[in-house]
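Protein chains: 2
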Amino acid sequence: MTDHTSKQFDSELEAIRTKVLQLGGLVEQQIWRAVEGLTGDDEARLNEVVQKEAQVNRLEVELDEACGAVLARRQPAASDLRMIVTVMKVAPNLERIGDEAEKIARMAKMIHEAGRMHTPRVELNHMATATTAMLRKVLDAFARLDAQSAAQVVRQDIPVDAEYQGVLRQLISFMIEDPRTISRSIELMFIAKALERIGDHTKNIAEFVVYLVKGRDVRHLDVDDVEREAAS
Amino acid sequence: MTDHTSKQFDSELEAIRTKVLQLGGLVEQQIWRAVEGLTGDDEARLNEVVQKEAQVNRLEVELDEACGAVLARRQPAASDLRMIVTVMKVAPNLERIGDEAEKIARMAKMIHEAGRMHTPRVELNHMATATTAMLRKVLDAFARLDAQSAAQVVRQDIPVDAEYQGVLRQLISFMIEDPRTISRSIELMFIAKALERIGDHTKNIAEFVVYLVKGRDVRHLDVDDVEREAAS
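In order, the protein sequence lines correspond to chains A and B. Per my numbering, residue 9 is the first one in the first sequence, and the count goes up by one each step. Per my numbering, residue 9 is the first one in the second sequence, and the count goes up by one each step.
If you are wondering where the hints come from, they were derived from the structure by calculation, not from laboratory data. Where hints are given, some of them may not hold.
Any copy, or any two copies together, can satisfy a pair, since identical chains are not distinguished.
Claimed, not checked - Under the rule of at most 35 Å between Cα atoms (straight-line distance), these lysine-lysine pairs were calculated in the DSBU-like manner: (1) Lys222 / Lys27; (2) Lys145 / Lys222; (3) Lys27 / Lys117; (4) Lys145 / Lys15; (5) Lys60 / Lys15; (6) Lys117 / Lys15; (7) Lys111 / Lys15; (8) Lys15 / Lys201; (9) Lys15 / Lys222; (10) Lys117 / Lys60; (11) Lys222 / Lys117; (12) Lys27 / Lys15; (13) Lys60 / Lys27.
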């Protein structure tokens, strides 16, 4: 980052970086709570997710305010400006990950209230493991300004999408075999979809981390080109 | 907007505003092409949507670059800064609306290839009419800096969500009556979901227009409070 004459400015930027990591850590916990609540039939965990959603929203608003204040008062340039622009792009993606976790929790509550059923537990757990690993890695890449690690996250989204398609096919088979499972299966389908969306948002964040470090907008490039830009 | 000594700066801001409206108009057309292609069984319209997706992405990237350039060179303040921050929030929402239109077109193509079926044509058309009306209104509110009109768009998202739930219930009934329709119905369900998401993104844009005009962040407020802020 640029060398600042102002220590105060440094600490403002540091506070923003810290808050991004805090929001990231919180939404990662939200995913876990939601998926464990679903597969472990744990109503209390699910309620916790719904309660903590307000905290996710508040952190996003605070981040936007902090970035707006830096833009208005500090007129950041070069890499500092890129940091602020990146945070303004990353924060809404983190907030949407929180939204998806909340949707999972709400659907899981409906499933529990209606009685348990055959759940693709293994696959949903696996999707949650994969997406939270991506999220942890991209937050770490953001903290360490590591573009190559961020590019790896972009690639990791591919098997998540494939696994989602697998869950979809499995649920369609359940429904065809036993049409009484249709309503329930559709809720599970939207849960799988939410996990797939979490992967997408995490991939978006990874693209912005590459931008932050390399100054190149890599959205809409294919993954080989993203890796090349990150390694350049 | 602030009175500028620089005519050049004025024309940069004007170019950004114009490009937002251009991107907005394009994604509105994309929604229509996708839904007409689906309900009218028109493969050429659907292909057009897929082709124009690159144009949507390019306009978003250009908008981000233009905003970044203004931040770096002009150090905008007050309402100009708010305009830039708003555009940086609005552009990704417009791009995602374009994404959803493309998803609709791709699923519609799969449905056509597999042969026609009972489609909730009326409801999907109605959802498309409602969401494109919201989109047109919010773009107009952005152009005219009309916070109250933007707040109305926030309220208009409520019946769209209700209609989506209705389509979901209708499709579940089809599936239970005739399990052979399951795969097809699930594609239609994701089409309805995409329209519902378009409503959500449009509502997000409306909240940012209220912020642009009133300087107040109204995300996460309920709709009555948004209207109060917009009228204040």
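Hint by hint, here is what the structure shows:
1. Lys222 / Lys27: both (22 Å within a copy, 26 Å between copies)
2. Lys145 / Lys222: within (18 Å within a copy, 38 Å between copies)
3. Lys27 / Lys117: Within. Shortest intra-copy distance 30 Å satisfies the 35 Å Cα cut-off; inter-copy 44 Å does not.
4. Lys145 / Lys15: within (29 Å within a copy, 46 Å between copies)
5. Lys60 / Lys15: within (34 Å within a copy, 48 Å between copies)
6. Lys117 / Lys15: Result: close neither inside a copy nor across copies, 48 Å intra and 57 Å inter.
7. Lys111 / Lys15: neither (42 Å within a copy, 48 Å between copies)
8. Lys15 / Lys201: neither (45 Å within a copy, 48 Å between copies)
9. Lys15 / Lys222: Both. Shortest intra-copy (25 Å) and inter-copy (32 Å) distances satisfy the 35 Å Cα cut-off.
10. Lys117 / Lys60: within (16 Å within a copy, 40 Å between copies)
11. Lys222 / Lys117: Cα proximity of Lys222 and Lys117: none, with 43 Å in one copy and 38 Å across.
12. Lys27 / Lys15: within (18 Å within a copy, 38 Å between copies)
13. Lys60 / Lys27: So Lys60 and Lys27 pass the 35 Å test inside one copy only (16 Å; across, 38 Å).
This entry does not satisfy hints 6, 7, 8, 11, going by the numbered hints stated previously.
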